[in-house]
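Trainee: The lines below spell out each chain.
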Amino acid sequence: MANVWTICKRELFSYFATPIAYVFIIIFLSLSGIFTFYLGNFFERGQADLITFFGFHPWLYLFLIPALTMRLWAEERKSGTIELLLTLPITMLQAVLGKFLATWIFTSIALALTFPMWITVNFLGNPDNGVIFASYLGSLLMSGAFIAIGSCISALTKNQVIAFVVSAAICLVFILSGFPMVLDFFTGWAPEFIVEVISSFSFLTHFEGLSKGVVDMRDIIFFVSLIAFWLFANAVLIEIKKAD
Amino acid sequence: MTTMVEVKQLTKRFKSITAVNDISFKVERGEVLGFLGPNGAGKSTTMKMITGFLSPDKGSVFIQGKDCDQHPITAKRTIGYLPEGAPLYGDMTPRLFLEFVGKIRGIPNTEIDQRLADVIDKVNLESVLDQSIDTLSKGFKRRVGLAQAILHDPDVLILDEPTDGLDPNQKHEVRNLISDMAQQKAIILSTHILEEVDAVCTRAIIIADGKVVADGKPGELQAQSPWHNAVVLSIRAASENGISGTLAALDNVEEVQPLSNQAGVIQFLVRPKDGTSIIENVSASAHQHGWLVEEMHVEQGRLDEVFREVTNFQRS
Ligand SMILES: Nc1ncnc2c1ncn2[C@@H]1O[C@H](COP(=O)(O)OP(=O)(O)OP(=O)(O)O)[C@@H](O)[C@H]1O
Ligand SMILES: [Mg+2]
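Taken in sequence, the protein lines are chains A and B.
Residue numbering for the first sequence is 14 to 257, as defined by this note's numbering.
Residue numbering for the second sequence is 6 to 321, as defined by this note's numbering.
Keep in mind the hints are simulated off the structure, nothing from the lab.
Since we're looking at a predicted model, the values are computed, not measured.
Possibly wrong hints are sitting among the right ones.
Claimed, not checked - Beta-carbon label-pair distances, calculated as ranges: (1) Ala-15/A to Gly-70/B: 24 to 34 Å; (2) Ser-60/B to Val-174/A: 22 to 32 Å; (3) Ile-78/B to Val-186/A: 32 to 42 Å; (4) Gly-64/B to Ala-15/A: 26 to 36 Å.
What the hints assert, rightly or not - 16 Å max Cα-Cα, derived EDC-like pairs, lysine to aspartate or glutamate: (5) Lys-222/B to Glu-245/B; (6) Lys-278/B to Glu-299/B; (7) Lys-254/A to Glu-104/B; (8) Lys-22/A to Asp-169/B; (9) Lys-176/B to Glu-200/B; (10) Lys-190/B to Glu-36/B; (11) Lys-13/B to Glu-33/B; (12) Lys-143/B to Glu-89/B; (13) Lys-255/A to Asp-62/B; (14) Lys-190/B to Glu-200/B; (15) Lys-91/A to Asp-197/A; (16) Lys-190/B to Glu-33/B; (17) Lys-176/B to Asp-139/B; (18) Lys-171/A to Glu-252/A; (19) Lys-31/B to Glu-11/B; (20) Lys-22/A to Asp-96/B; (21) Lys-190/B to Asp-158/B; (22) Lys-13/B to Glu-89/B; (23) Lys-143/B to Asp-169/B; (24) Lys-108/B to Glu-24/A; (25) Lys-91/A to Asp-139/B; (26) Lys-91/A to Asp-96/B; (27) Lys-222/B to Glu-200/B; (28) Lys-225/A to Asp-141/A; (29) Lys-71/B to Glu-36/B; (30) Lys-20/B to Asp-257/A; (31) Lys-91/A to Glu-11/B.
Beta carbons: idealized from backbone N, C-alpha and C, even for Gly.
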């Protein structure tokens, strides 16, 4: 565990050593603000809640998280530091977890910095803070799943641009699989259970429950097991690809 | 002496290339083993397998008698490794980077400052400690890589071209550093500089096309040179006058070559059969014939000759 934390701190350091941390946080905060106030008609709705704010999160994560994760392994492989890292007395799992945690902690810092939103709605009205808390939890879990996907894809290539594009594409699939547009496409002809399976993989479906304040264990387990699956794949893939 | 590293029938393939082909050797404590070989011979690939970065297709590596496959973490703790090209986290400073390595290596907080000060002094990093590694010159990067490898005072040290890119003073210092540590450790280093083998190695292995083609003490390898024990003889004489004929007729002489003829001094190279010592015969003969010998010495044979010989043989 100490090793995971040491690796995590190094990765976090490296986010803040480059402009990437500040760029990410500024873009994340301004986009979530712009989306909520302009596209989401925050004031016109006259509701004291953050539903529109959280509704945009999957879309923000779609292209912001791959930007964070693309370097995790691709850069190590490109520069050769992977040889240094993996000949230190650590296990593959510790390396994978350390890097994942660093990105997750970083994302939660960005998420925490949206607190003015929360202050604003509490100032304007009487929102259900339990719902808002559940939404934050859901958003954090969902970001974890995005990060695990991005980290795994980053292990496949030395090229960060490829890592970015492929991760974003896979994340998009996970978002869209719950969209009526996609589901309608299947409902006409595919058996009921196929449609269920496809929609059950949707980030939107699982996130929606949480963002309405319904803390369902199944949604939490969904995200946690998805994270575990992608991180496991991540460890296996590096083992295979590290030599190339 | 204890065997620190044992490599048994190591083989590694990359698609169609066999980078390492059935290599076996042992390294004892106190030995400094030099890896020599042409580019692409498989030196780095062998080192990557010893340090556990790559897993071999066949064969196994034992560190202090333990199979690395079964005890990877123990093996990695025992080893200090400078990978080829000294890759480093460029966004960190040497100080932060070494602290990171120290933490992962499990050096206690109470000792880390002392250890850091020690290695920083050994590789002369003082002046660049707080500059980002990306902005360091090549030689300083190499030194950070070295510092990282020796930080935990490992029993086994694997250095892939440790002096590449260092200035002559630093090369000298690093060689001294290696010699100083040699007693307590088993060290494997690769190099393209043959003098380095003479200067620091107690043993050398020449690898070509993934195979070991020569293995021995630097002196023993030199003895394989066709020049080993050859006599170079300078004689003041107006003309060659049958001298080379006389020399060629001596016992154990393989061949006589005139090397130069300047200002009345003729230089001959007298090569022995199978590296036997012929100096006594040659000097007796010179004495007997009353030649005016200006200079006479015995060649030790040169490592680069041997190197060329064994690695070219392999290609053909
Ligand atoms: N990841 C890889 N994929 C494919 N081939 C590789 C890989 N790594 C090494 N090789 C090949 O294996 C062979 C041995 O390479 P290696 O790096 O071990 O040579 P070397 O002896 O260290 O050479 P040099 O003196 O140039 O450092 C080379 O032919 C090289 O092209
Ligand atoms: Mg090499």
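Trainee: Take the hints in turn and mark each one as holding or not.
Mentor: Hint check results:
1. Between Ala-15/A and Gly-70/B the C-beta distance comes to about 28 Å, which sits within the given range of 24 to 34 Å.
2. Checked against the hint of 22 to 32 Å, the C-beta distance between Ser-60/B and Val-174/A comes to roughly 30 Å, which is consistent with it.
3. Here the CB-CB span from Ile-78/B to Val-186/A is close to 38 Å, well matched to the stated 32 to 42 Å.
4. Range check, Gly-64/B to Ala-15/A: about 34 Å between beta-carbon atoms, so the 26 to 36 Å window is met.
5. A distance of roughly 39 Å separates the Cα atoms of Lys-222/B and Glu-245/B; the hinted pair therefore is violated under the 16 Å criterion.
6. Straight-line distance between C-alpha atoms of Lys-278/B and Glu-299/B comes to about 25 Å, which puts the hinted pair past the 16 Å bound.
7. Restraint check: the Cα-Cα separation between Lys-254/A and Glu-104/B comes to about 28 Å, which exceeds 16 Å; the hinted pair is violated.
8. Simply put, Lys-22/A and Asp-169/B have alpha-carbon atoms about 31 Å apart, too far for the 16 Å limit, and the pair is violated.
9. Taken as a hint, the Lys-176/B and Glu-200/B pair is honoured in the structure, with Cα atoms around 11 Å apart against an allowance of 16 Å.
10. Among the hinted pairs, Lys-190/B with Glu-36/B is consistent with the structure: their alpha-carbon atoms are about 7 Å apart, no more than 16 Å.
11. Note on Lys-13/B and Glu-33/B: the hinted pairing holds, with a Cα-Cα distance of about 15 Å set against a maximum of 16 Å.
12. Distance restraint check for Lys-143/B and Glu-89/B: the Cα-Cα separation of roughly 13 Å lies within the 16 Å cut-off, and the hinted pair is therefore satisfied.
13. Simply put, Lys-255/A and Asp-62/B have alpha-carbon atoms about 15 Å apart, close enough for the 16 Å limit, and the pair holds.
14. Proximity of Lys-190/B to Glu-200/B is assessed by CA-CA distance (about 22 Å); at most 16 Å being required, the pair is judged violated.
15. Under the criterion of a C-alpha separation no larger than 16 Å, the hint pairing Lys-91/A with Asp-197/A is inconsistent with the structure, at around 43 Å.
16. Using a Cα cut-off of 16 Å, the hinted pair Lys-190/B and Glu-33/B holds, with the two alpha carbons roughly 8 Å apart.
17. Between the alpha carbons of Lys-176/B and Asp-139/B the distance comes to roughly 22 Å, so the proposed pair goes past 16 Å and is violated.
18. Restraint check for Lys-171/A and Glu-252/A: the C-alpha separation of about 14 Å stays at or below 16 Å, so the hint holds.
19. For the proposed pair Lys-31/B and Glu-11/B, the alpha carbon gap of about 4 Å is at most 16 Å, so the pair holds.
20. Note on Lys-22/A and Asp-96/B: the hinted pairing holds, with a Cα-Cα distance of about 13 Å set against a maximum of 16 Å.
21. Proposed proximity of Lys-190/B and Asp-158/B is supported: the alpha carbons are some 9 Å apart, at most 16 Å.
22. Proposed proximity of Lys-13/B and Glu-89/B is contradicted: the alpha carbons are some 23 Å apart, above 16 Å.
23. The straight-line distance between the Cα atoms of Lys-143/B and Asp-169/B is roughly 9 Å, inside the 16 Å bound, and the hint therefore holds.
24. Between Lys-108/B and Glu-24/A the CA atoms are separated by roughly 14 Å; this keeps the pair inside 16 Å, and the hint holds.
25. Restraint check for Lys-91/A and Asp-139/B: the C-alpha separation of about 15 Å stays at or below 16 Å, so the hint holds.
26. Restraint check for Lys-91/A and Asp-96/B: satisfied, since their Cα atoms lie roughly 15 Å apart, inside the 16 Å limit.
27. Among the hinted pairs, Lys-222/B with Glu-200/B is consistent with the structure: their alpha-carbon atoms are about 14 Å apart, no more than 16 Å.
28. Distance hint between Lys-225/A and Asp-141/A is fulfilled; the C-alpha atoms sit about 10 Å from each other, no more than 16 Å.
29. For the hint pairing Lys-71/B with Glu-36/B, the CA-to-CA distance comes to about 19 Å; that exceeds 16 Å, so the pair is violated.
30. The hinted pair formed by Lys-20/B and Asp-257/A meets the criterion: a straight-line CA distance of about 11 Å does not exceed 16 Å.
31. With a CA separation close to 31 Å, the supplied pair Lys-91/A and Glu-11/B exceeds the 16 Å bound.
Going through the hint list in order, the structure does not satisfy hints 5, 6, 7, 8, 14, 15, 17, 22, 29 and 31.
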